[in-house]
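**Student:** Sequence:
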Amino acid sequence: MDFTLLLLIITLISGLLLLFSKIFTGTIFSNQLYLFFSSFFPILLFVLVFRSFLIEPYRIPSGSMIPTVVVGDFILVKKYEYGIRLPVSNYEIIANKKPVHGDVIVFQYPQDKRINYIKRVIALPGDHVEYLNKVIYVNGEKYIQNNAPNSLVSAQDLGNNVIMSENNRKIKYNIMKNNKIGQDFSYVVPKKTYFVLGDNRDNSNDSRYWGPVPEENLIGKAFFIWMYWNTESSYSIFDRVGLSIE
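The sequence shown begins at -11 in the working numbering and counts up by one.
It is worth saying that the hints were derived from the structure and are not from the lab.
Even for Gly, the Cβ is constructed at its ideal location relative to N, Cα and C.
Misleading hints may appear alongside valid ones.
Stated by the list, open to error - In silico EDC-like cross-links for lysine to aspartate or glutamate, where the CA-CA straight-line distance does not exceed 16 Å:
#1 K86 / D100
#2 K179 / E220
#3 K160 / D190
#4 K160 / D145
#5 K86 / D172
#6 K160 / E234
#7 K85 / D100
#8 K130 / D145
#9 K165 / D190
#10 K86 / D115
#11 K85 / E204
#12 K179 / D190
#13 K168 / E203
#14 K101 / D190
#15 K158 / E234
#16 K101 / E234
#17 K122 / E204
#18 K180 / E80
#19 K180 / D145
#20 K85 / D190
#21 K130 / E69
#22 K160 / E129
#23 K122 / D172
#24 K86 / D(-10)
#25 K66 / E44
#26 K179 / E203
#27 K101 / E203
#28 K86 / E118
#29 K179 / E129
#30 K180 / E129
#31 K66 / D190
#32 K158 / E129
Unchecked claim - Simulated restraints on C-beta separations:
#33 N84 / S139: 18 to 28 Å
#34 S27 / Y79: 46 to 56 Å
#35 G230 / Q99: 29 to 39 Å
#36 S27 / G170: 52 to 62 Å
#37 S174 / R102: 47 to 57 Å
#38 P45 / I132: 31 to 41 Å
#39 N193 / A83: 53 to 63 Å
#40 N19 / S221: 45 to 55 Å
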């Protein structure tokens, strides 16, 4: 079961027990067991509101966004960045900003909304995006790539890839790619959708394969690594914790 749905159900039950204990005094709802469970309602409500509308933690399960985030990173996501949405349904009730080029976003996978993905926004609604010789062009503007020093990616994660900086003239970030020939494409992004790619360009399941991300699938903007845990990795906790996500 989805954690948010489980938290919502537990919070509702706790709230009802608290309400019934106030209304039906001297009944079964006033015994110590019911009072004990109802006492958690304020804490549960706070956690539900905080996670649903403000900031929610996520764990990175795959290497598709190396070097920005790696397997085992625990990240924080601003849930309010792209609008306030109801928990579980993800229905937007208060509009806010829209994603811009270069944002690292968390969203519901278009082919299975029960799964959350993290990728980088490459093109916005109406943009013409091209991928030629592993270089991105958006509306004819080339994303500049240069060799970048590697100080954060382990040899295990790097493999036969190289770290490159990519600059869209608004933000600069690092990507990882190999020297194999890539598949070129040209695409116009439909209205109310976003074209996303993984920073690990040759090892990412992204918009190249399943299309753009619908606006209603947006969850929030990733911004910080608050914890790291992966017993099969050579990173230490201190290598990852405290890094901002650009």
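**Student:** Look at each hint and say if it fits the structure.
**Tutor:** How the hints compare with the structure:
no., hint, result
1, K86 / D100, "violated, 23 Å"
2, K179 / E220, "violated, 42 Å"
3, K160 / D190, "violated, 19 Å"
4, K160 / D145, "violated, 21 Å"
5, K86 / D172, "violated, 28 Å"
6, K160 / E234, "holds, 8 Å"
7, K85 / D100, "violated, 25 Å"
8, K130 / D145, "violated, 27 Å"
9, K165 / D190, "holds, 6 Å"
10, K86 / D115, "holds, 14 Å"
11, K85 / E204, "holds, 13 Å"
12, K179 / D190, "violated, 27 Å"
13, K168 / E203, "violated, 33 Å"
14, K101 / D190, "violated, 24 Å"
15, K158 / E234, "holds, 12 Å"
16, K101 / E234, "violated, 25 Å"
17, K122 / E204, "violated, 29 Å"
18, K180 / E80, "holds, 14 Å"
19, K180 / D145, "violated, 34 Å"
20, K85 / D190, "violated, 30 Å"
21, K130 / E69, "violated, 27 Å"
22, K160 / E129, "holds, 15 Å"
23, K122 / D172, "holds, 7 Å"
24, K86 / D(-10), "violated, 26 Å"
25, K66 / E44, "holds, 7 Å"
26, K179 / E203, "holds, 9 Å"
27, K101 / E203, "holds, 13 Å"
28, K86 / E118, "violated, 22 Å"
29, K179 / E129, "violated, 20 Å"
30, K180 / E129, "violated, 22 Å"
31, K66 / D190, "violated, 28 Å"
32, K158 / E129, "holds, 12 Å"
33, N84 / S139: 18 to 28 Å, "violated, 34 Å"
34, S27 / Y79: 46 to 56 Å, "violated, 31 Å"
35, G230 / Q99: 29 to 39 Å, "holds, 34 Å"
36, S27 / G170: 52 to 62 Å, "holds, 58 Å"
37, S174 / R102: 47 to 57 Å, "violated, 32 Å"
38, P45 / I132: 31 to 41 Å, "holds, 34 Å"
39, N193 / A83: 53 to 63 Å, "violated, 29 Å"
40, N19 / S221: 45 to 55 Å, "holds, 49 Å"
Violation of the numbered hints given earlier is confined to hints 1, 2, 3, 4, 5, 7, 8, 12, 13, 14, 16, 17, 19, 20, 21, 24, 28, 29, 30, 31, 33, 34, 37 and 39; the remaining hints are satisfied by the structure.
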